[in-house]
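K.L.:
Residue numbers (the numbering used here), protein chains in the order written: chain A, 1 to 209; chain B, 1001 to 1175.
Calculated directly from the structure, the hints in this document are not laboratory data. A couple of the hints might just be wrong.
[As the list claims (entries may be wrong)] Residues on chain B that point at chain A, a partial pick, calculated with CB under 8 Å:
{"id": "1", "residue": "Met1001"}
{"id": "2", "residue": "Phe1004"}
{"id": "3", "residue": "Gly1022"}
{"id": "4", "residue": "Gly1052"}
{"id": "5", "residue": "Pro1058"}
{"id": "6", "residue": "Thr1091"}
{"id": "7", "residue": "His1100"}
{"id": "8", "residue": "Val1122"}
{"id": "9", "residue": "Ile1161"}
{"id": "10", "residue": "Gly1168"}
{"id": "11", "residue": "Tyr1172"}
{"id": "12", "residue": "Leu1174"}
Since we're looking at a predicted model, the values are computed, not measured. Even for Gly, the Cβ is constructed at its ideal location relative to N, Cα and C.
Each chain, letter by letter, is given below.
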Amino acid sequence: MSKPPAVALPVAPPPSLWRLFLGFLIMGSTSLGGGVIAYLRTGLVTHYRWLDDETFVELMAISQSLPGLNATNMSILAGDRLRGWPGALLGALGMCLPGASLMTAAAFAVGVGGDDPISKAFLHAIAAGAVGLVTVVGVQLGAKMLYEIADYVFVAITIVLVAFLHVSVLYALIGVGAVAIWWHRPRKTGLPDTKDAAPKDPAQGDPAS
Amino acid sequence: MKQFLDLAGAFGYISLLTVGGGMAAFPELKYLTVDTYHWVTFPELMHYYSLGQLAPGPNMMMVASIGAQVAGLPGAAVVLVAFILPTGLFTFGIGRLWNHLDKWPWRASIQRGLGSVAVGLVAAGAIVLARGALTDWLTIALAVTVFGLLMRTKINPAIPIVASGLVGLGVYWLG
């Protein structure tokens, strides 16, 4: 990490609600191409200086562990830190409104995925590109989240259940999730295991029914 | 009326499954909107998803398109509220509790445990999307190229995504 020694940027005073909404609206309208989190970081930490980097990373950890879209969760958490619940509400609105309005308009304009072969050719190719993008997102998420063989086993079981056996995402989330959380349960030695003994019997952890 | 309740129920439920990102819920999104309620066809769903890649903000805002297609503007509004509000309130609550949970040893366990499931769900979502999107050599080549580019460089993902669409157009006109 060749970052300059963290001379933390001074954090600006919390913005007014109107400034906050405007800031999130701008980030919500300019964050093209996925990876909204990167735009949020540039905006919140570097540009507006509403949050320091440490707080941003902390909020990101919460966002990623909870259901909901990362960018929306981040906006809610950051908005709440800045201006309480009205900030959370306006942050989420600003983040979501531009994309949501455009996509609503698109449903009317595109003639509803109509039979126009030209737009079909265009959109179908984009879906193919998106497969590549989503795979990158999965790999990056994996690099951050997976530590030991057991984690990879949980990933594999989840994939097989959902993508091949067509088990509902809900059951996979609850079933595999419960086993995985139990696997990483707090040990008497303190923090959850980092490098525990080799996984005993992965099949044991298979909640498939 | 029943239709609005169905929309609200389906998208509220789907939103609860987006652990690790919108893609995690894609298999369920497909199952409910295509197979169960027949609101859209699988190609339509994919095409809206593609458009969502081009829109700013969270790319799952494409759910608004489905709502709009089913029930116009009110449909889009119902879907958006159902999709954002419940998880939003949950996040808001947990956000406030989080620091108090610091000492709770299970917090780290839950993060670790759900982390691996989230990765699995995103991967499963990618597989379901790939089944619909990768239909010939061209689309496979596009997916592999975008994957390689984004793994090796730090370019904005919008660039290869739009480029894929243009390649698709070019091939259509040439073919």
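K.L.:
Against the earlier hints, flag every one the structure doesn't satisfy and list their numbers going up.
P.N.:
1, 2, 7, 12
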